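**Q** From first to last, the protein sequence lines are chains A and B. No gaps in the numbering here: position 151 of the first sequence is 1559 in the working numbering, and each next residue is one more. No gaps in the numbering here: position 106 of the second sequence is 156 in the working numbering, and each next residue is one more.
Simulated from the structure, these hints should not be mistaken for laboratory data. Please read all numbers here as calculations on a predicted model, not as lab measurements. Note that the Cβ used here is the ideal one computed from N, Cα and C, for glycine as well. Hints are not guaranteed to be accurate.
What the hints assert, rightly or not - Cut-off 30 Å, straight-line C-alpha distance, at most; resulting in silico cross-link-like pairs (DSS-like, lysine-lysine):
id : chain 1 : residue 1 : chain 2 : residue 2
1  : B       : 203       : A       : 1435
2  : A       : 1645      : A       : 1506
3  : A       : 1591      : B       : 53
4  : B       : 78        : A       : 1789
5  : A       : 1645      : A       : 1469
6  : A       : 1659      : A       : 1645
7  : B       : 263       : B       : 296
8  : A       : 1659      : B       : 333
9  : B       : 405       : A       : 1435
Stated by the list, open to error - Partial selection, computed: residues in chain B whose CB lies under 7 Å from chain A:
id : residue
10 : 84
11 : 85
12 : 183
13 : 238
14 : 241
15 : 319
16 : 322
17 : 327
18 : 332
19 : 335
20 : 338
21 : 339
22 : 351
23 : 354
24 : 355
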Amino acid sequence: MKQEPVLDDLALSIWEQVQYSADLCVKCNICTSHCPVSNVTDLFPGPKFVGPQAQRFRNPKEISVDASLDYCSGCGVCTMVCPHGVKVMEMNAKGRAKLYREKKSIPLRNRILGRTELQGQLGSPFAPLANLFMGFKPARIVVEAVMGIHRNAPIPKFSFETFRGWYKSIHQKSGQALQSDKKVVFFHGCSTNYFEPRVGKAALAVLEHHGYEIIVPPQVCCGLPMLSNAEFDAARKNAHTNIDSLVKYVKQGYKIVGTSTSCTLSLKSDYRHILDINTEEARLVAENTYDICEFLLELAEADQLNTDFQPVEVEFPYHSPCQLKAHNMGLPALDLMEMIPGVTIHHVDADCCGIAGTYGYKKEKYQIAMDVGRPVFEQVKATGSDVAICDSETCRWQIGGATGAKMIHPVELLAQAYGLQDF
Amino acid sequence: MKKYDTIVIGAGLAGLTAACHLAQTQQKVLLVAHGAGAVLLASGGVDLLGYQPVDSLTPLDNPLAALPDFLADNPDHPYRLLETEQIKTGLNQFLALTAQSGLDYRGQPDQNWLLPGPGGAVHPTCLAPTSMIGGHLAADGGRMLLVGFRELKDFYPKLISDNLNAQNLGQKSTAVSINIPAPLAGQMNVTPIELAHAFEQPDFRRAVIASIKGHAKGYDRIGLPAVLGLEQHAEVLADMQQQLAKPVFEISTLPPSVPGRRLFDGLRRTFTRAGGRLILGSKVTGGAIEAGRVSHIDIETASRSRSITADNFVLATGGIFGGGLQTDAAGRVWEDVFNLPVRAKTNRHQWFDKKFIAPRGQPVASYGVKVTPQFQPINGHDQPAAANLYVIGAALAGSEWTRGRTGNGLAVTSGVFVARQISGERSVS
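All chains should be modelled from the sequences, with the hints used to inform the complete structure.
**A** As structure tokens, this is what we get:
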């Protein structure tokens, strides 16, 4: 087991740089001004208070100063708007882990929410039954009472066929899977595997359309749900499993592509900046991980993107999730979708849909998440469209649940425009 | 490499103004910034020139008329590079931009609004939101009631009213503090942003109005902290005036600034709706100048550096406070993206005046990048460092703004000047 870094270590690890970034805070309140959570509830005093301000009291040997930190949703808007380079969200994630370590107990509810993969493994084989149960209002009321998962929270439907199952037993055996010298590694994540295999199929079709053979190596949940529920040890275990599996391909010169902006952000940033994994392998994986749209846009910049789009006469709202913005890569999905003839995209200009991974599922945080997301929901509804687009799965479920819109990933629109798969 | 028509670096008022203007001329514009700029901390007003001479204690009524004297005293100030018509164009463009952004700014270059500040000082500003203009300290302004909330700890109506009265401005003000009604009642502390959200709820407004009404008799206008709504600000203000049957105005607060947030959000929306792309939270780690042109810049993404290019580049990264200039203990001062030559003293003892509140400003605040009359940074031989690079706002050498109060005026006018130059708009109307 890796040791916790010590504060007085002079050679600063990446995590320590994050921690010491509290010293860069000039208390300007720009983060407070933008925090989606503190703007709708007084249960959370805001990122400046629980982040850089509390950080100086967060001595590893003393108990945590402020339990309100648990109301941070982890959306990361604070880190994004800070003009001084303070890593507020990262600091808060670490502070929350400390908080729960001291409590010596993480609620069963949080442990379950953190284990998307286990949910999938248990739910997918019994998908029809599981979906029926979770769609049954009285059952949800019991789940809320026993587990603390809000009865109206947007629980996705299990897919009976997993993405891996389809890939191995249908796609590869069909003889149609592309063999090529050009290869990419696909990190599907839990949502594509257990809930929305159609997103993975669309990505795979689009990548094969560009002549790439897809490798789907062994992989586990990226660990983000556990990380945001303060289970750092479990998240680190998953991170190491993924790094060990993926780095072999990176060393052969292949890039890793994912459809979940949350999973890919974990591989790119959280493993190192929050989980403090400072290995060469972690760096290699981070530097070679791409969001699917980022990857395709780089093809476009190198004049290698197929532009054989068929016109798609649609007018859809698009929400760019917080986890996507934290990639700092701009809005590649928007750039790509705007290349499709006939497509009009209304970019939602609100920061956060509220769900923030598992946050909005919790009974005590559900209403906060809905209040945070209201501007997004209103803008989506105002377009009158019955389809909306978003890159991140839990955001799709949240927006879909709140607005009734059918939610798709940008790559599904691309797949349709290429004539590969209808959404 | 991703290519844009123009890349603007920095999301303060200068960068936002230039980026909006360019995006509206059909250019493909990227605005990239380490974070949101100081517009979020500011009062929301655009100060053109507040005092001349800068150590005068009397605010200017007519900033434009005082500019020649100001430039005679401060020959290095970047205003020297702008003709009167170009200053007027810049301010008019800002008014047009804010109107398109759903914000109601008013003002003209030959007149300052004299607005009460959060400490009770007079704040001379040229363009301001109508909600704040209601506080203009005209001689015939009548009696003002200044209302604060006990739970809003950074806003003391009594301090403002005592200080205003002590200045004998020809009008009397009285202060009253009220308790915050539900749903915020019972909180020890609230932020202006929380209050602004609460004011968008009709029930909350009704309760506040009921508390104010008992005190309002005999007063001609009512001042409140600048918390009267965010997105629905115009409706909130109109409703308050109607229900109180008196003019209501806003007084700027300590940060977080609600008028700053309205301005930032409005301009950001106008920019993205015009097709502009925004990357916030990404540091520009460097830029390359090759054969007299900027070839590309490098930005920090979540896990790797990325190069981006454009036909033109606009540096709006601010001065020492904004992070556009960096310093070290040896007295070096450098521009952070392109390492452009800066005008600065290398002896650290000369950086600061002996007085903290220096009558003529802190020398260090005027350090910045030297430019040509076209706002292009110059190299060691007084030639443009790169044919496609421009500098605007507080990054400019000579832009000391704390005393003369020229910060946002320079941001807006230099931003529009450079944007028009890049887009090829020649007329100055």
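**Q** Check each numbered hint against the structure and report the violated ones by number, ascending.
**A** 12, 13, 19, 20, 21 and 24
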